[in-house]
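Participant: Spelled out, the chains give:
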Amino acid sequence: MVEHSMLNLVALILLFPILGTAVNGLVGKRLKKETVSYIACGSVGLSFFTATLVFSGLLLLPPHERLFEKQLFSWIESGSFKAAAGLQVDPLSILLTLIITGIGLLIHIYSIGYMHEDKGYHRYFCYLNLFTFSMLLLVLGNNFLLMFIGWEAVGLCSYLLIGFWFEKKSASDAAKKAFIVNRVGDFGFALGIMLIFLTFHTIDYTEVFHAASQGNFPVGSFTITMITLLLFVGATGKSAQIPLYTWLPDAMEGPTPVSALIHAATMVTAGVYMIARCNVLYMLSPLTMTVVASIGAATALFAASIGLVQNDIKRVLAYSTVSQLGYMFLACGVGAFTAGVFHLVTHAFFKALLFLGSGSVIHALSGEMDVRKMGGLRHHIPVTYKTFLIGTVAIAGIPPFAGFFSKDEILLESLTYGNLIYWSVAAVASLFTAFYMFRLLFLTFHGKSRVEHHVMEHLHESPKNMTIPLIVLAGLSSIGGFLGIPGAHVMSTFLSPVFSASGHTKVSGAEISVHHGEGNPYLMMVVSTAIALTGIFIAYQMYIKKPELPKKLAERFRFIYRVLLNKYYVDEIYTALFVNPTRKIAVFFWKCVDIQIIDGSVNGIARSIGWFSSNLRYLQTGYVRNYAFYIVVGCIFIIVLAALGK
Amino acid sequence: MSLPLLSLITFLPIIGVFLILLMDSKDRELIRLTSLLVSTIVFFISLPLYFNFDSHTYDMQFVEKLRWIPSFGINYYIGIDGISLFLILLATFLTPISVLASWHVTKNVKEYMIAMLTLETAMVGVFVSLDAFLFFVFWELMLIPMYLLIGIWGGPRRVYATIKFFLYTTAGSVFMFLAIIGLYFLNYRATDEYTFSLLEFYRLDLSFAVQFWLFIAFFLAFAIKVPMFPFHTWLPDAHVEAPTAGSVILAGVLLKMGTYGFIRFCLPLFPEVSYAFIPVISWMAIVGIIYGALVALVQDDLKKLVAYSSVSHLGFVMLGIFAFNIQGIEGSITQMVNHGLSTGALFLIVGMLYERRHTRMIADFGGLTKRIPVFAIFFMIVTLSSIGLPGLNGFVGEFLILVGTFKSRILYASIATSGIVLAAVYMLWMFQRVMFNEITHEENKMLKDISKRELVILIPIVFLIFWIGIYPNSLLRKMDTSVNHLLMQIGEKANIVSVAQGQKNPNQLKHNSIPKIDIVSESKQEW
Amino acid sequence: MITVTHYIVLSAILFTLGVVGVLIRRNAIVVFMCIELMLNAVNLSFVAFAHYLHSMNGQLFVFFTMTVAAAEAAVGLAIIVAVFRNKETVNIDDINIMKW
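Chains D, R and G are the protein sequences, given in the same order.
Reminder that position 26 of the first sequence reads as 25 in numbering that gives the first Met the number 0, one-by-one numbering, no gaps.
Reminder that position 525 of the second sequence reads as 524 in numbering that gives the first Met the number 0, one-by-one numbering, no gaps.
Reminder that position 26 of the third sequence reads as 25 in numbering that gives the first Met the number 0, one-by-one numbering, no gaps.
In short, the hints are calculated from the structure, not lab data.
All values reported here derive from a predicted model rather than from experimental measurement.
Worth double-checking, as some hints may not be accurate.
Simulated DEER-style distance windows between Cβ atoms [as the list claims (entries may be wrong)]:
(1) D:F587 - R:K444: 33 to 39 Å
(2) R:L446 - D:V578: 30 to 36 Å
(3) D:L576 - R:H103: 45 to 51 Å
(4) R:L446 - D:C591: 33 to 39 Å
Mimicking EDC-like on lysine to aspartate or glutamate, the simulated pairs with C-alpha atoms at most 16 Å apart in a straight line are [stated by the list, open to error]:
(5) D:K583 - R:D299
(6) R:K451 - R:E354
(7) D:K590 - R:D300
(8) R:K477 - D:E76
(9) R:K444 - D:E166
(10) R:K369 - D:E166
(11) D:K447 - D:D369
(12) D:K168 - R:E437
(13) R:K25 - R:E110
(14) D:K167 - R:E437
(15) D:K372 - D:E451
(16) D:K28 - D:D117
(17) D:K28 - R:D448
(18) D:K590 - R:D299
(19) D:K385 - D:E460
(20) R:K369 - D:D117
(21) R:K447 - R:E354
Glycine included, every Cβ here is placed at the ideal spot set by N, Cα and C.
From just these sequences and the hints, can you work out the full model?
Facilitator: Right under this line is the structure:
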């Protein structure tokens, strides 16, 4: 069977990037830069090619049979606990595989130009390949523990790449923060896996979801709610949702292509993937769904509001990512998993594009990231400008670009199956999005140039290997939305096998089931386009027409402005609430409990024995008579004892 | 089995000691080479133990039994099962590495190497002994070379540290000796036969009160050795003062004697009391996990940090053992090996830094990655292994322990899991301060990257770190039968299943699909 | 009739005299003689019991005691002489260097 031989190639998708990692990691230092980049890009390219083969193999199968598992070996087995190293190909995982390898390939190519002059060239590509491998493992694994490995391994790669320029304190701080905050999330994830094992006696996807969809668990079952909530804690860490989002903006310390690949297109969407993967479980717990949707909506608005006033080009994009991830969670939370995954896909296109575009700007300006020192760049770097514009339009939600369809679907679903609050929050966030993105665009490319003189001299358009990925991504951002255009349902039909199991679940009480963008979308399209246009119009007024207006507004609403600029002081609050107390307690434990109490009592015992003996020695007076006296007393004592003993 | 393999492994180092005794103490290179050679040979002849190990039987294997002091029923009785197998391999693996790591020791090389080799005999002896008296002899023998290693070749406060180490351990083992003698007489009363054989002791049927006191005695000895909170304060002192190789052996193998003792003595001998002690010991372990991690967080001395991290890691091991199920105990044994590897490697790495800079203060480093990139890679891998990154060894053990604990007591596992978060915090913070940021000290600009000798030391460890992380079944399969048997033993003897069912799980979830504490092994194999 | 009780009482009196002498006298020679007195008190009781029980064991012990006492006297006197040579005194209150 040709499709099975194609599907069997799935292991190769993983093999190529890890080989690339090994080669570049072990001998990369001695290789020429060109060779390093051929190995790195080649491995991801091969991986992408294999993924398309596997994809077509999957397409050859009838839709309801599109689930292929390949067992590699038994990984951990202890008693009834079994974790296999096995891969699973189904529409959801292959879709993400294509994104990871496809966009990954573009970003690898882009990196050749971007990292050209960096000393850690081979190290960079080694990490990037390792990331690709880990991310693929995350989506292709066929059980929760494998997902967990991928989950932590992408966290590691993120750590290594954020801290790539480790000599900068801010970079190494950000890296550490990212890892630790993610660990907090993983704490929940790990407990979730254990609870799954305890409940289902297996951690294999197929078995767990099969058992869950058999109706053994009533809707709202406490165990399932706990499982889903714990898993969601993991998702909030990895996908930067409230309350664990703080690491993502800091993560912008890494090289820009990394921000594009890891912190926009792939890794941060792992949480969405996980929830979509576990849709069967999530559908069983209305409470969790409410939590997911609420957190998603809150994050969307919260992050967007911070994005309004940031001045660092990458930070604006970072908060935008957090906000867009919020949309995806909102979609999942109202049961519209397809819409969530659809937005994940389009977001991967346009956010990767925007990040790479910003990288191109930064590259052109010799490392400048502050938008206040940009402006009027559109004539100098035209390709970057045009592609960036497409990305901006796409994220703002103007038809017919990619972001429009996916965001529109989420808005629609949140109104239809959620409630008005979700919708209005999402709509406001959407307004903010259009505003801050166009603000960014105008500040960077339009208006008068505020670029410093010496930077201006080096101003140049990026090389071909950087612009071509931009153009490809711009193309995808333009047409990507048609995957999910209402009426055609390419995406939802393709994904339906994954979400059908939960669709059949009889949901009693709660009005939740899986939906595929039905209803009347046309009115919503008009409304959301209007919202986006309003945002753009405001931005245009403020930054093109009346450039002095923003300052005035900032003066007028100084308090709000300061709060937003300082990101609601969340970092400071966390420091005061968690970091400092932990350190204080630790010092207390060490100095007080350990040294004084425990060691004090240990040494105290030694000292008291010493004290006792040193006093006891005075019995030895040196006077023979005293000794004789002791003997007599001893004898009398023994005689008395013997007498009493009788 | 014609070749007395176990005896050979145990006593070959002593033969090495005699060889070294014959040498001129000025001929340092020869002495070093001889001890390296001897310990390497011991490692290689210990490999057949793994490959020829029959994982289908829980009986002791490679058994040797000779009469030693017949009038007291003391025998030279040795053998291994799936529990001790890996600890022996760990000991024989770490000894040549430690010898190689002490190449730069110049003070009294002859005596140093004699101490190292004697130590190896004692360590292996502890793990192979099936006779309680023999066990005790090796247990105490191990103290002497370690005492000397710290006391002679240690740092500035070495005398304080070594006496503390010695007295602490002896204080515990005195009680253990009393308990062993107690068992001896109890066994005589029951069977009319004088013997110290552990396997005979297993058959004893002791009343709860008797079990209680004997358990307390063993508990003191082992808990100090592990070390469990609050008996841990000898450890940071001993580690800080010990020479690198001493730290490696101390963390890598000696601490495992405590946890091994719990599995070998406490659980099968006193199952009922052990069961009753689950809350006490689990809480001590949990406190140890979190307390150790927190204290490690604020250390400014690298070795102290690693020492406190050991307290935290061994808390996990204890928690796993007292989960009383197969995942917990297998996880614990795996974790013992893992801790030996990764903490051993951390001490080696700290030692290498110390050799370069003659300081262990974190504040004296910073930005080293730029100067010593290859070294940094190894440091990173070992750090990640200690953090428990999936794909590396630390994860397998920790996760199995947590799964096991989660099965028996959800609350304990939930609290203990936070230790993993803290581990990331203190290790990464340390790594950042040592390896990242800019170089602030002039001395650090002249550092040399890793040498060939250091590569030879670290590569085998890193290889095992990956191997166990990717294919842990190569360990787990060998211990299955023995661990299952242990659990059966406990279950049968104490009839704890009924006890377990009578007890209400504090975190009983609404769904009844969550199993009761299953103490009985989940074996599929037939006996 | 002199019964064994008389011997025992005498022996006890002599022994007590010896103990008291050892405890309260300061002259080393006197203390020494008091020890001899105690030994002989014991000897007396040995002999008395031996006679009473018709057993030779007690008499045998006396010989041992006498031998030991003789050896002790030799060593003890030698020590006292040595001490006197060094410190010019046999007052045991002045001889207390053997202490902590």
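Participant: Taking the earlier hints as the rules, which of them does this structure contradict?
Facilitator: Of the numbered hints given earlier, the structure breaks none, since each of them holds.
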